[in-house]
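Peer 1: Chain by chain, the residues run as shown.
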Amino acid sequence: MRIKWNAKNRALVFVLLAVHLPVVFPGFFSPNDYATQNRNLPFAPPTKLHLVDEAGHFHFRPFVYELNETGSGERGTTYQESRIARFPVHFFVHSAAEDSSNSGTPRLHFFGVEQPGLVYLMGTDGFGRDVFSRMLFGGRISLAAGVLATCLALSLAIVLGVISGFYGHWVDTIVMRGVDIFLALPWLCLLFAVRAVLPLHIRTTETFLLFVGIIGIVGWARPARLIRGLVLTAKERNFVLASRAFGASDFHILRRHILPQVTGTLLTLAALLIPQFLLAEVTLSFLGLGVGEPLPSLGNLLAELQKYSVLTSYWWMYCPAMALVLLFLAYQWTAKALQDEITEVTW
Amino acid sequence: MLRFGRRILHAFLVLVAVSLLSFLLLAIAPGNYFDEMRLNPQISSKTVETLKIKYGMDRRWPVRYVKWMHSVAKGEFGYSFAYNCPVGSLLWGRARNTLLLAGLATLLAWMVALPWGVLEALHKGEWMDRAGTLLTALLLAIPDVLLGLFLLLAAARSGLLPAGGMTSTNAGAVTTFAQTRDLAIHLILPVVGLALGLIPILVRHVRSAMVQVLEASYIQAARSFGIGKFRILYRHVFPVAVNPLLSLLGLSLGTLLSMSLLMEVIMSWPGLGPLLLEALFARDLYVVMAGVMLSSAFLLAGNLIADALLYWSDPRIRAV
Chain A
1 MRIKWNAKNR
11 ALVFVLLAVH
21 LPVVFPGFFS
31 PNDYATQNRN
41 LPFAPPTKLH
51 LVDEAGHFHF
61 RPFVYELNET
71 GSGERGTTYQ
81 ESRIARFPVH
91 FFVHSAAEDS
101 SNSGTPRLHF
111 FGVEQPGLVY
121 LMGTDGFGRD
131 VFSRMLFGGR
141 ISLAAGVLAT
151 CLALSLAIVL
161 GVISGFYGHW
171 VDTIVMRGVD
181 IFLALPWLCL
191 LFAVRAVLPL
201 HIRTTETFLL
211 FVGIIGIVGW
221 ARPARLIRGL
231 VLTAKERNFV
241 LASRAFGASD
251 FHILRRHILP
261 QVTGTLLTLA
271 ALLIPQFLLA
281 EVTLSFLGLG
291 VGEPLPSLGN
301 LLAELQKYSV
311 LTSYWWMYCP
321 AMALVLLFLA
331 YQWTAKALQD
341 EITEVTW
Chain B
1 MLRFGRRILH
11 AFLVLVAVSL
21 LSFLLLAIAP
31 GNYFDEMRLN
41 PQISSKTVET
51 LKIKYGMDRR
61 WPVRYVKWMH
71 SVAKGEFGYS
81 FAYNCPVGSL
91 LWGRARNTLL
101 LAGLATLLAW
111 MVALPWGVLE
121 ALHKGEWMDR
131 AGTLLTALLL
141 AIPDVLLGLF
151 LLLAAARSGL
161 LPAGGMTSTN
171 AGAVTTFAQT
181 RDLAIHLILP
191 VVGLALGLIP
201 ILVRHVRSAM
211 VQVLEASYIQ
221 AARSFGIGKF
231 RILYRHVFPV
241 AVNPLLSLLG
251 LSLGTLLSMS
261 LLMEVIMSWP
271 GLGPLLLEAL
281 FARDLYVVMA
291 GVMLSSAFLL
301 AGNLIADALL
311 YWSDPRIRAV
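From first to last, the protein sequence lines are chains A and B.
Mind the numbering: the first sequence is residues 1 to 347 in the numbering used here, read in order.
Mind the numbering: the second sequence is residues 1 to 320 in the numbering used here, read in order.
No wet-lab data here; the hints were simulated from the structure.
Treat the hints with care, since some could be wrong.
Partial selection, computed: residues in chain A whose CB lies under 7 Å from chain B [claimed, not checked]:
| hint | residue |
| --- | --- |
| 1 | Asp-180 |
| 2 | Ile-181 |
| 3 | Ala-184 |
| 4 | Leu-185 |
| 5 | Pro-186 |
| 6 | Phe-286 |
| 7 | Leu-302 |
| 8 | Leu-305 |
| 9 | Thr-312 |
| 10 | Ala-321 |
| 11 | Val-325 |
| 12 | Phe-328 |
| 13 | Leu-329 |
| 14 | Gln-332 |
C-beta: ideal position from N, C-alpha, C; glycine also.
Please model the complete structure; the sequences and the hints are all you need to start from.
Peer 2: Spelled out as structure tokens, the structure:
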């Protein structure tokens, strides 16, 4: 399968990069650490970037002011900018690192403001942690969960689907009965059931890996059936039969003739499954069964919105949710582009 | 008919396999309700042991499985440790609430999605189709969790609709009419949320089913005979396009019990969702298991119904 390098696909690649780079390298793109708390600034609104200062002078370099608490009322704490000192924004700065992620060594950030200024692009949460940074780090965890679970599910699906489609007979029967059983279980219920089996209080890394395992194992059935169907038709194609007549081994036929016919569908499946599994992680974390604090994930960032006061008063807490929607749109677009590519090739 | 009997038998076997699988999972699970109980200093270890024996948790899993099967046959689905009563009695009321919610949502979603999909297919490539496709893509990209939260936000901001729950606290012993009205008001939010999640998927299927038939050569032939637009639609397109939709209908009937779990938790609707989640946290395993079994039974039944509908609607399948 050869992908055309036309304007549409270029735009798609650009969008995918734009969505993924900040999430894959959150340490570089986020100005703050995800776990550092600033107890003086709970639920601070997004920091405003200024170009014109108090005296009316224009600056080419954007700058921020310091936020000061002016009182706390019914709708939470209110803040005001103190316009005494300007803190200009710089690109490629080294943080004076109390980074929990890399023990004290200064770290290069894409952007930041001069010390002791603070920049919160998407405000702060109830503990005064930077929502933007938490979103990027959380996005990395959620995305990793989605991608790893997809890899696991697809590898299971390839092995089982290809074996069952290629060899048929009793192997096929057994695998397809397995598929029937897994398809008869609603996925959320199945996730619940498997989660019920695991201890509730385990370390976060273990939870994460277990998670990926669970989601991956639960999700293999549907792709396996699809791949089996493809293999069934692929192995009856004339050139495959010819190759067999020339005495090619099973392995050779699988590698040279069958798998290439499946690749396109595999890619499309991956583009469809990654957001789906990412959503599974988000759902479980949202319900408090997944990745736990202080580690952020898109799911437990969303979970904070369950609090009534957060839901109604702090609009910036929705930003991570919007990122989720953007990510989904990007994957939808990818899946559609791949699908079109395949149909063009096959028909 | 013989074929159909085999399908039913097959579904039943799958159900048994599902139960065996989940039972095995629960049996090899580390930790159970009584381990959590043991951590409680107010309960003596002797009490825990007696309770364990009372519920038969000291036996090996095959014994427990057979016992559990007995209670399933009686409609009890095992015994809930946390509620101290048979799971069945817990489940039915909750399942009724879930069915009410999911049933209405499914109905609404189909009623919106059918005309929408048909319109898109009839105007394929025109602005109406493109706008519709864009809208479904957007709706598809918004996860259910977020839809629910947005609706809650809207309700909280406007104050027009109650944010969550199933009944108002002060709606005690008033007339049936007032009660129904109260219930209806509480239903609006979760039903709309669920339906919005379901609509884009349905619209896509309806559209593709319709487009496929509309492009067929016999439709062109019918058109060239000068048959009217509506007659073509009703006599030639719908009967064929309905096939994939019937399978979809079966699927959406099958997911009635499981589709709304998340929305129920968000909107604090007293259905199966919150019950299962609580049971999960309390490690009340028989409740979780019953929920899983009931949902998968529904799913299998949905598939069977789809099969039956297809058999009834399509003479080509009957001929085989």
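Peer 1: Evaluate each hint against the coordinates.
Peer 2: Verification of the hints:
1. Asp-180: Holds. Min distance 5 Å.
2. Ile-181: 5 Å, holds
3. Ala-184: 5 Å, holds
4. Leu-185: Status holds, d = 5 Å.
5. Pro-186: 3 Å, holds
6. Phe-286: 6 Å, holds
7. Leu-302: Interface hint status for Leu-302 of chain A: holds (6 Å vs cutoff 7 Å).
8. Leu-305: 5 Å, holds
9. Thr-312: At 5 Å from the nearest chain B Cβ, Thr-312 of chain A passes the 7 Å test, so the hint holds.
10. Ala-321: This hint holds: Ala-321 of chain A lies near chain B, its Cβ roughly 5 Å from the closest one there, short of 7 Å.
11. Val-325: 5 Å, holds
12. Phe-328: 4 Å, holds
13. Leu-329: Interface hint status for Leu-329 of chain A: holds (5 Å vs cutoff 7 Å).
14. Gln-332: Since chain B brings a Cβ to about 6 Å from Gln-332 of chain A, closer than 7 Å, the hint holds.
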